[in-house]
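K.L.:
The hints should help you fit chain B onto chain W, whose structure is shown.
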Amino acid sequence: MGVISTFERPTIRPKGRARWLIHLFPIPALIVYGLFVVYPIISAFLYSLYDWDGIKRGVFVGLKNFVTLFTVEPFNEMFWNAFGHNVYYFIIEMIVQNGIAFGLAFLIYRKIRGSSFLKIAYFMPRLLSVIVIGFLWKLILNPNYGALNTLLTKIGLEEWAKPWLGDPDTALLAIILINCWFGIGFAMLIFLAGLQSIPEELIEAARLDGARGISLLWKIILPLCMPSITIMTIFTFIQAFEAFELVYAMQGSMGEPFRSTDTLAVYFYRLAFSSAGGAGDVSVGLGSALAVVLFFIVASVSALSLYLMRKREVQH
Amino acid sequence: MRTSVGGRAAQYVLAYLFMLISLYPIVLMIASSFKTNMQIFENPLSLLPTAFSLDTYRKLWEVVPFADFLMNSIFVSVMSVLLITVFSAMAAFYLARFSYKWTGVLYFFFLLGLMIPIKLGLVPLFILMKNLGLLNSLWSLILIYTASGIPISVFILTGFFRTLPVELEEAARIDGCNHFQVFWRVLLPLIRPALATVVIINFIHAWNDFFFPLIFIQSDALKTIPVGMMVLFGEYETDWSLLFAGLTLSALPMIGVFLMASRQFMEGLTAGAVK
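Residue numbers (my numbering), protein chains in the order written: chain W, 78 to 393; chain B, 521 to 795.
Everything labelled a hint here was simulated from the structure, so no lab data went into it.
It cannot be assumed that every hint is accurate.
As the list claims (entries may be wrong) - Each computed BS3-like pair below joins lysine-lysine, with the alpha-carbon atoms no more than 25 Å apart:
| hint | chain 1 | residue 1 | chain 2 | residue 2 |
| --- | --- | --- | --- | --- |
| 1 | W | Lys-231 | W | Lys-215 |
| 2 | W | Lys-133 | B | Lys-639 |
| 3 | W | Lys-141 | W | Lys-296 |
| 4 | W | Lys-188 | W | Lys-215 |
| 5 | W | Lys-141 | B | Lys-579 |
| 6 | W | Lys-215 | B | Lys-650 |
| 7 | B | Lys-621 | B | Lys-639 |
| 8 | B | Lys-579 | W | Lys-133 |
Unchecked claim - Partial list, derived from the structure: chain W residues whose beta carbon lies under 8 Å from chain B:
| hint | residue |
| --- | --- |
| 9 | Val-114 |
| 10 | Tyr-124 |
| 11 | Val-136 |
| 12 | Ile-177 |
| 13 | Val-209 |
| 14 | Leu-213 |
| 15 | Ile-267 |
| 16 | Pro-300 |
| 17 | Leu-301 |
| 18 | Ala-349 |
| 19 | Phe-372 |
Stated by the list, open to error - Non-contacting residues of chain W with respect to chain B, defined by C-beta distances greater than 12 Å in every case (computed):
| hint | residue |
| --- | --- |
| 20 | Ser-125 |
| 21 | Asn-158 |
| 22 | Phe-160 |
The beta carbon of each residue, even a glycine, is placed where N, CA and C say it ideally should be.
The shape of chain W in the complex, shown without the other chains (with noise of 0.2 Å):
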């Protein structure tokens, strides 16, 4: 299991006349993952090494723009506002996210009556385009007429009634855990597979040898699921830091209010494509910049933990 698996020497030899149209195979696939791909994130590298008038490329200017992202006001302070922001939904996901989808996964690999069927349920908000989750949940925390303060007020809790996409303080809660509750059906079923993927024989050894309850989903099982959590940790790590389309589709490019809900996707989106970055005007140069540095938070986590993984599989 794992997302690179080593690879194994082929077997077959091509013979003939015309074995040479054999490498004609790999080349439609190639050509268009290369150019629409990887000479796009290989140009984005080129593009934050240069000075920027709209799409007009200016002059090299070597690392400032990275300079100008770390250092200037209010470059650097977005930056780590947006950056903190990740890691918070980061966490959050780990905790609410898979918490929960590791328990509803167990459950049903306990044996539960409709497991079927709840396995379905729990998976349809997966199904929506993320615009239509959040414009759904936007009508359903309208602090007038939504759902949601309804329910509160209905069950006396009146109190806890509050504009949540409104305020600050609970904003981008509110957008983890719409993010939560859109994710769960898919990060259940990553995890049953890897609980159904444990060899039946191993946890009645187990339990011959007198582990239970806690003890045995704490020793036994969870050690055992590791790749699928190992898997699940590196999804949700890339998409916390890729956090881009329910806050935009629910709080607008600026990360409003206040940029409480800003991320680094949304701030990448700002500089390069709309005149609110903060530059005065769209700045590629600094998009760009951006890009590279997020690409690299990205590619070095999702590296590291995959190794992490395979060296573990190897101990196996």
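P.N.:
Just chain B now, with coordinates in the frame of chain W:
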């Protein structure tokens, strides 16, 4: 593990409580689309409209070109999925079945894409599309979805091709099949489950994405459903009934397809992560 009756009951309560939390907002969205604005504001929680009415949908049809959005979404998703499946299957066949010095490197090159957040190449991508004359064209979306869907698809399909016995191919060759016939007639039908996975993963992505159409599509007539719905929210902010109807119409096609093939969907989406 044995659990007490009380513990068992608590498990059921939890499991079904989360079912409610998952489903209620979606059912509420559908129910609200049949209510009038008055009914929504008076009783936002109820799942039963007091008077079932399709007026909102009639109005929705008039104020936004939903049929256009739908056709655009279908065109973009179907074309992307088709290209991804054909290209990835060809590449995976090559990577899984033949051995050259560069096959390992090539495989790794494709897998790199699994870790690259493609959104970060947005500015160069924008300039590239501009130079290719594809700004404000559905083909820009198709090419982007195809390119970004290739890594995961090559990964899944290569894994599957490797599980097929080599003897099969040798037999076909002895019977006089060339490479293309082996690929098309012998191997492709055998990896149908993996192809279904690839189709589903990429279809959900292409159908629901709104980031790229937001950047690359300007004219209303070319918008896909998710971006099209943004227009609705910009212009009819207070007409909640209409908004709920718009959201419902956007979500319905995918929910419908899912209910018909839920098992394949759920297995398909996790197949890439857990082999």
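K.L.:
All hints, please: hold or fail.
P.N.:
Here is what the structure says about each hint:
For the given pair, Lys-231/W sits about 20 Å from Lys-215/W by alpha-carbon distance, which is consistent with the 25 Å threshold. About 20 Å separates the Cα atoms of Lys-133/W and Lys-639/B, which keeps this hinted pair within 25 Å; it holds. Taking the CA atoms of Lys-141/W and Lys-296/W, the gap is near 51 Å; set against the 25 Å cutoff, the hint is violated. For the suggested pair Lys-188/W and Lys-215/W, the alpha carbons sit about 36 Å apart, so the restraint of at most 25 Å is broken.
Between the alpha carbons of Lys-141/W and Lys-579/B the distance comes to roughly 54 Å, so the proposed pair goes past 25 Å and is violated. Restraint check: the Cα-Cα separation between Lys-215/W and Lys-650/B comes to about 34 Å, which exceeds 25 Å; the hinted pair is violated. For the given pair, Lys-621/B sits about 32 Å from Lys-639/B by alpha-carbon distance, which is inconsistent with the 25 Å threshold. Under the criterion of a C-alpha separation no larger than 25 Å, the hint pairing Lys-579/B with Lys-133/W is inconsistent with the structure, at around 44 Å.
With a least beta-carbon distance of about 5 Å to chain B, the hint placing Val-114/W at the interface is held under the 8 Å criterion. Taken as an interface hint, Tyr-124/W checks out: its beta carbon lies about 6 Å from the nearest beta carbon of chain B, inside 8 Å. For Val-136/W, the shortest C-beta to C-beta distance to chain B is roughly 18 Å, which exceeds 8 Å, and the interface hint is violated. Among the interface hints, the one on Ile-177/W holds; its C-beta lies about 7 Å from the nearest C-beta in chain B, closer than the 8 Å criterion.
The closest approach between the C-beta of Val-209/W and any C-beta of chain B is roughly 5 Å, which is under the 8 Å cut-off, so the hint is satisfied. This hint holds: Leu-213/W has a C-beta 5 Å from the nearest C-beta of chain B, less than the 8 Å allowed. Because the beta carbon of Ile-267/W sits about 6 Å from the nearest beta carbon in chain B, less than 8 Å, this interface hint is met. Look at Pro-300/W: its Cβ only gets to about 17 Å from chain B, farther than 8 Å, so that hint breaks.
Checking Leu-301/W against chain B: minimum C-beta separation of about 13 Å lies over 8 Å; hint violated. The interface hint given for Ala-349/W holds, since its Cβ lies 5 Å from the closest Cβ of chain B, which is under the 8 Å cut-off. For Phe-372/W, the interface hint holds, the least distance from its beta-carbon to any beta-carbon of chain B being 5 Å, beneath 8 Å. Chain B draws Ser-125/W into its interface by the beta-carbon criterion, the shortest separation being 10 Å against a cut-off of 12 Å.
No Cβ of chain B approaches the Cβ of Asn-158/W within 12 Å, the least distance being about 20 Å, so the stated non-interface status holds. For Phe-160/W, the requirement that its beta carbon stay farther than 12 Å from each beta carbon of chain B is met, with the minimum near 15 Å.
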